[in-house]
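**Q** Since the structure of chain A is already known, use the hints to place chain B on it.
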Amino acid sequence: MAAVATCGSGAGTTGSAVATASKSNVTSFQRRGPRASGTNDSGPRLVSIAGTRPSVRNGQLLVSTGLPALDQLLGGGLAIGTVLLIEEDKYNIYSPLLFKCFLAEGIVNGHTLLVASAKEDPANILQELPAPLLDDNSKKEFDEDVYNHKTPESNIKMKIAWRYQLLPKMEQIGPVSSRFGHYYDASKRIPQELIEASNWHGFFLPEKISSTLKVEPCSLTPGYIKLLQFIQNIIYEEGFDGSNPQKKQRNVLRIGIQNLGSPLWGDDICCAENGSNSHSLTKFLYVLRGLLRTSLSACIITMPTHLIQNKTIIARVTNLSDTVIGLESFIGSERETNPLYKDYHGLIHIRQIPRLNNLICDESDVKDLAFKLKRKLFTIEWVQDNYLRQERNIYPPGFSYLLKQKDSAWGEGSLQHSTFLMSFLAKATAFASRLVRHSEPLKQTGSGRIHQAAGPRLWHDGRRQEAPGLLGIPP
Amino acid sequence: MLDSLLSLGGLVLLRDSVEWEGRSLLKALVKKSALCGEQVHILGCEVSEEEFREGFDSDINNRLVYHDFFRDPLNWSKTEEALPGGPLGALRAICKRTDPGPVTIALDSLSWLLLHLPCTTLCQALHAVSHQDACPGDSSPVGKVSVLGLLHEELHGPGPVGALSSLAQTEVTLGGTKGQASAHILCRRPRQRPTDQTQWFSILPDFSLDLQEGPSVESQPYSDPHIPPVDPTTHLTFNLHLSKKEREAKDSLILPFQFSSEKQQALLRPRPGQATSHIFYEPDAYDDLDQEDPDDDLDI
Numbered sequence: 001m002a003a004v005a006t007c008g009s010g011a012g013t014t015g016s017a018v019a020t021a022s023k024s025n026v027t028s029f030q031r032r033g034p035r036a037s038g039t040n041d042s043g044p045r046l047v048s049i050a051g052t053r054p055s056v057r058n059g060q061l062l063v064s065t066g067l068p069a070l071d072q073l074l075g076g077g078l079a080i081g082t083v084l085l086i087e088e089d090k091y092n093i094y095s096p097l098l099f100k101c102f103l104a105e106g107i108v109n110g111h112t113l114l115v116a117s118a119k120e121d122p123a124n125i126l127q128e129l130p131a132p133l134l135d136d137n138s139k140k141e142f143d144e145d146v147y148n149h150k151t152p153e154s155n156i157k158m159k160i161a162w163r164y165q166l167l168p169k170m171e172q173i174g175p176v177s178s179r180f181g182h183y184y185d186a187s188k189r190i191p192q193e194l195i196e197a198s199n200w201h202g203f204f205l206p207e208k209i210s211s212t213l214k215v216e217p218c219s220l221t222p223g224y225i226k227l228l229q230f231i232q233n234i235i236y237e238e239g240f241d242g243s244n245p246q247k248k249q250r251n252v253l254r255i256g257i258q259n260l261g262s263p264l265w266g267d268d269i270c271c272a273e274n275g276s277n278s279h280s281l282t283k284f285l286y287v288l289r290g291l292l293r294t295s296l297s298a299c300i301i302t303m304p305t306h307l308i309q310n311k312t313i314i315a316r317v318t319n320l321s322d323t324v325i326g327l328e329s330f331i332g333s334e335r336e337t338n339p340l341y342k343d344y345h346g347l348i349h350i351r352q353i354p355r356l357n358n359l360i361c362d363e364s365d366v367k368d369l370a371f372k373l374k375r376k377l378f379t380i381e382w383v384q385d386n387y388l389r390q391e392r393n394i395y396p397p398g399f400s401y402l403l404k405q406k407d408s409a410w411g412e413g414s415l416q417h418s419t420f421l422m423s424f425l426a427k428a429t430a431f432a433s434r435l436v437r438h439s440e441p442l443k444q445t446g447s448g449r450i451h452q453a454a455g456p457r458l459w460h461d462g463r464r465q466e467a468p469g470l471l472g473i474p475p
Numbered sequence: 001m002l003d004s005l006l007s008l009g010g011l012v013l014l015r016d017s018v019e020w021e022g023r024s025l026l027k028a029l030v031k032k033s034a035l036c037g038e039q040v041h042i043l044g045c046e047v048s049e050e051e052f053r054e055g056f057d058s059d060i061n062n063r064l065v066y067h068d069f070f071r072d073p074l075n076w077s078k079t080e081e082a083l084p085g086g087p088l089g090a091l092r093a094i095c096k097r098t099d100p101g102p103v104t105i106a107l108d109s110l111s112w113l114l115l116h117l118p119c120t121t122l123c124q125a126l127h128a129v130s131h132q133d134a135c136p137g138d139s140s141p142v143g144k145v146s147v148l149g150l151l152h153e154e155l156h157g158p159g160p161v162g163a164l165s166s167l168a169q170t171e172v173t174l175g176g177t178k179g180q181a182s183a184h185i186l187c188r189r190p191r192q193r194p195t196d197q198t199q200w201f202s203i204l205p206d207f208s209l210d211l212q213e214g215p216s217v218e219s220q221p222y223s224d225p226h227i228p229p230v231d232p233t234t235h236l237t238f239n240l241h242l243s244k245k246e247r248e249a250k251d252s253l254i255l256p257f258q259f260s261s262e263k264q265q266a267l268l269r270p271r272p273g274q275a276t277s278h279i280f281y282e283p284d285a286y287d288d289l290d291q292e293d294p295d296d297d298l299d300i
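Residue numbers (full-length UniProt numbering), protein chains in the order written: chain A, 1 to 475; chain B, 1 to 300.
Isolated chain A, as found in the complex (with noise of 0.2 Å):
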């Protein structure tokens, strides 16, 4: 205090009287006083909203997708304010299942649904949505479904590479907030009375647009425009933007759009390639991503992208949204006969991770994830999963990140795995007899070489020596 003073003099006389008013307190921070959580403060405080969480690497606030496996791979759940996209599979059969978990899980944690679609009325899609698993009894049988198809593989311990399966496997099936994130059982309905609790808003194209057989020339198919006016009003309507104060607990609203770009929308993107709306589903897009980041809501969008025929649309309406995922399922494709894929429904491809108030993204290192449905789960693997449990050769870490490698030749059987094997196995016998002494464990990176660890030989002769690649001659 005496030092602000002596300054304060310097500065004037209002610098003085400044000083020796703040004598009088120890300090002129005040603490806030402890508030009962729900009141509406606009302070510095995050506002807890149910079902929601702060992103732990940028701090946004993020919602689940209603899938846990799905939220650990966009990096920890949706983002408010953002658009998920899910392309659909061919024959329509997954990306339904992945959307009424999405609204599952909006109506579990109490959040206001926003339902729209083409084909199907709204409140028949609600009727149809899985049951969350909520209490320890179906949690106990869940366990049990998940891990009754691993344990004939899991009999057979890995000798060689064990320690793979130290690695987490993608379901945290361990302690699941029950705040965030559930799991749902597929086989059965949402109870009734949990529907009837919750507050939703249902748009169904039939129903809002009449039938007439001319079309206005207008920059924006009136089906969009009729979607776009709805979603404006609710938004204003329940507050979800801040204009109209809310009393009670601030809330997220939750958006589902079904099969959009289809023709039954009114868009001819899917029938013809140069159609005189092309421009319409990216305008909405444009406008539908405006309307989500000035509000408190998160958009699922489902689109035929197999029947799109222009392809740049589908570029241009990847680099409009923010999260796309891709969905290809196996069904009448060859890869149904692969044995690689033989336990899994289909393919999951993450097109795009968000960048949302930060330079980089959240993009997983994993590629191959694929996906099953079993009687009443939807789990996303790690391909790699099933083909390390098999475990039929050693296989240097270079050597399985080409075969990870899409349509490698160095799949199993052909000649180029074979020599490769043997002449990896002639070196690493050498190596390998030098290694055992040094307990550490080495880091393996993708390439193939073999970083030695720390080791007593080092600075000889003024350098570090290093191991030999696998594919580099040694000198």
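Keep in mind that the hints are not guaranteed to be accurate.
What the hints assert, rightly or not - Within a straight-line C-alpha distance of at most 30 Å, the following computed DSS-like cross-link-like pairs (lysine-lysine) qualify: (1) A:K226 with B:K96; (2) B:K96 with B:K144; (3) A:K90 with A:K367; (4) A:K119 with A:K208; (5) A:K374 with A:K90; (6) B:K250 with A:K188; (7) A:K119 with B:K96; (8) A:K342 with A:K367; (9) B:K144 with A:K90; (10) A:K283 with A:K119; (11) A:K342 with B:K250; (12) B:K144 with A:K208; (13) B:K250 with A:K119; (14) B:K250 with A:K208; (15) A:K226 with A:K90; (16) A:K188 with A:K90; (17) A:K188 with A:K119; (18) A:K367 with A:K119; (19) A:K90 with A:K208; (20) A:K90 with A:K283; (21) A:K226 with A:K188; (22) A:K311 with A:K372; (23) A:K208 with A:K374.
To be verified - Far from chain B, some chain A residues (derived; all Cβ distances over 10 Å): (24) D241; (25) L264; (26) Q309.
Honestly, the hints are just simulated from the structure, not real lab data. Small disclaimer: the values here were computed from a predicted structure and weren't measured. Cβ coordinates follow ideal geometry from the N, Cα and C atoms, glycine included.
**A** Only chain B this time, still in chain A's reference frame:
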């Protein structure tokens, strides 16, 4: 399966081509549903009414309700019996009927409608018609509606065909070999895997369906013995196979990093006389076992 196509309801797409025409199959299915007692409406756009009714006996001809759009598609003659709204108006009028009972609507053909109407409008109308029985809240229970659409595949690009097949409940693609027609039936049930099946058939002169077994196996051109897959291990300079003894030796070998129970015990058991951990090192040919610390030369 071909004879129970109409029992599922919804849109049934008959895709034909120049080599394997589908109108006779369409007429056979129409005859079958007329004989079952269903109401049958026909939207004739591509061929004249006389040509369509040819081959049916009078009993069936009396049951068919024919809407003719071939003679005067744009309604230039302005007669009262022309239905307003064109073919789609006729479709909607059929849907607004009040009497219950299953209805079969045959569209001859969808290709004509696709060429004259925008694809999206047609898709929306077909969806509204074929899913009418699913909407609840109607005062009168409306029967099942089946829509049979004949689509000529070669007239359209992949866009409209893909859009219509994604709407269709059942898709029948006509093909065949050597004079025998086959129908490849793809059935999409709402939330289940699609099932597909190939059925060989022929149409008799009175338009009844004759299901047959496929042609004899010897005549199929794809039944040659397979070229055996190339075995990569044949011309190698080293041996990749293991004999039985070698395999046993391999299985019994304890690998260096294998975490067996003996090793676990060895690690857990406290060694006599050693409290700290050890590093085992065998010096190499290149190693310099100089005990001096090079940092001693530094002068700080």
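**Q** Which of the listed hints are broken here?
**A** Those not satisfied are hints 6, 13, 14, 18, 21, 23, 25 and 26.
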